[in-house]
Amino acid sequence: MNQSKKIFCDITKCIACRTCELACAVEHSTTKDLFLAMLERPRPRKRTFVHFVERNVSHSIACQHCEDAPCIEACMSSCISKDEKTGKVDIDRSRCVACWMCVMSCPFGIISREIDDKNKAVKCDLCPDRECPACVDACPTKTLSYETRDEFLKRIKEKETVYAKK
Amino acid sequence: MRKNNVYVIIGNSASGLAAIESIRRIDKSSKIINISKEPHQPYSRCLLSYYLAGQYDRDILWIRPDDYYSKFGVEPLLNKAVTGIDIKAGIVEISNKKKIAFDKLLIATGASAKSIDIPGADKKGVFVLRTLEDADGILKMLPNVKRVCILGGGLIGMRAAYALKKRGTAVHVIVKSDHIFSQMLDSEAADIMRRHLEANGIDISTGLEAKEITGKGSVKGIVLDDGNQLDCELVIIGKGVSANLDIVKSKVKTNAGILVDEHLETDKKGIYAAGDVAQAYDILEERTNMNQIWPIAIRQGKIAGLNMAGEDTKYDGSYGMNSLDFFDLAVMSFGLVKPKGDEFEELIAIDTNRVLYRKIVLKGNRIVGGVLINDVERHGILLNLALQKIDISDIKDILIDEYFDFGKVIPLIKRQSRKFIRPEYRDTAEAYQNV
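Going line by line, the protein sequences match chains A and B.
Under our numbering, the final residue of the first sequence carries the number 173; numbering is consecutive throughout.
Under our numbering, the final residue of the second sequence carries the number 1305; numbering is consecutive throughout.
In case anyone wonders, no lab produced these hints; they're calculated from the structure.
Hints are not guaranteed to be accurate.
Said to hold, decoys possible - Chain B regions said to be covered by chain A (calculated; three or more residues, Cβ under 8 Å):
# : stretch
1 : 1242-1256
2 : 1286-1294
Said to hold, decoys possible - For the chain A half of the interface with chain B, some residues (derived, Cβ under 10 Å), not all of them:
# : residue
3 : Pro51
4 : His58
5 : Asp75
6 : Ser85
7 : Met108
8 : Cys109
9 : Lys166
Built from N, CA and C at the ideal position, the CB exists for glycine as well.
Chain A on its own, in the form it takes in the complex (with noise of 0.2 Å):
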């Protein structure tokens, strides 16, 4: 059972107001700091994204850090790995060349292309220099969650039960 902590998303929460794309754009900014932020070149990039999945259902989403990583398997430079303990999946920007194999075989189509500064891909990261990523910080009906597989599946099953006795 892989017991490393992601960020869950519960689609019955989400009111799609881009709280959370913003949030993660401002703390991968330089200044971290919304206003400052918006005046930075290269402007800063969100790496989650607001999606509707039909009319008034919406969620946020960002890269899953798959078990089998397509990613990995794509990447000609060896640039993108799994860390064994954290189950991250990272990219070395350092060894990124911008073939975009990764973004060619993504299954969620959540890696971009950052084109303003020399050509790298970007995605999620979990924000290394938070202990929760910003995102679920900052989303303000709870919808993002950051725990592990087992503990947002058993979630959204009690809640199931709980309507259902209703």
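Put chain B on the given structure of chain A with help from the hints.
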């Protein structure tokens, strides 16, 4: 108790390395011997054009740490060509007549660049771009080169053209077919890319072929089949690659490559093949096919290694895909891009002003191919829908829509949960049913 095996792996590029690493994950003690005819530590030949372009140092090529072989407990036999294989006796013979016994053998000999058979093809200044020596040789000549002629408008030819243009050399690409990237792209996408490359100063001539390379000792120009001549001091041949089959021909079953089953095993037990030399079943084209690309080589090496070490693992099959980025215009494609037959349907969206192009090829209710220019972030979503044979009829209308994203896939995950194998798919869709 596991028997202590001797694993011999021929080739130290993508699939050879992936095999070593997956064998070692399971079997920590057995002997692994890695033979390579190249003298170098493992490097990524896909990065050669980036090195050639001068965008990155030579250091970028080394894709494994210096102590890689000792760290993985592998005996490297570099700069050694395999001269013979005796499958029955389980012996590989290398260039100094040395014999090496094996229990499990992986043939990951890769492929070589095709050369051309025209007068003058042996002159100084005619290159292919496949090995580090090729790239270094080109770079050495470059100071005295005013113009380069590239023969072939495929992936390697164009990558070389782009690299040398970045170095400031004049580049002229001669393409036999009517379109560049005739294997990778449909003609509409190829024309968009051609206009972009030409606008950035790369000369391209299609429907033409070189019939002679002129010059005394070294290249002075080429003669085209329409009679015209082009002056150049360097010629790079980009006519594709062919599998390195010499050492195994008539010993294992081959076609264009070594035929492998769903365990990456050849028709001989204990002999495996992976990477550019292997010919496996293609999921999207539904036939055995040569898919000589890095990700497939890694995957095949990984699975072959697991099977060699006794972990019964099935290979899902291969597929074609490619990604290019020239002068900040990205293009990607996968699977069937130029389908022939009534059973296929094409969804196409073009926006010439913003240089956007999206095409998806359907066979019945599933995706079997696609081409994307600029809007490439969705490529992986579409590719994975195709590979898992997902019925996309519910989202067919929005597949090529500008606003298509992963969110639109979530209802499909719920409805076809058995086909979406990755646990991460479940993670993203688990809460959806409550809505």
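Each hint, compared with the structure:
no.	hint	result
1	1242-1256	holds (count 8)
2	1286-1294	holds (count 3)
3	Pro51	18 Å, violated
4	His58	3 Å, holds
5	Asp75	7 Å, holds
6	Ser85	4 Å, holds
7	Met108	6 Å, holds
8	Cys109	8 Å, holds
9	Lys166	7 Å, holds
Violated hint: 3 only; the structure is consistent with all others.
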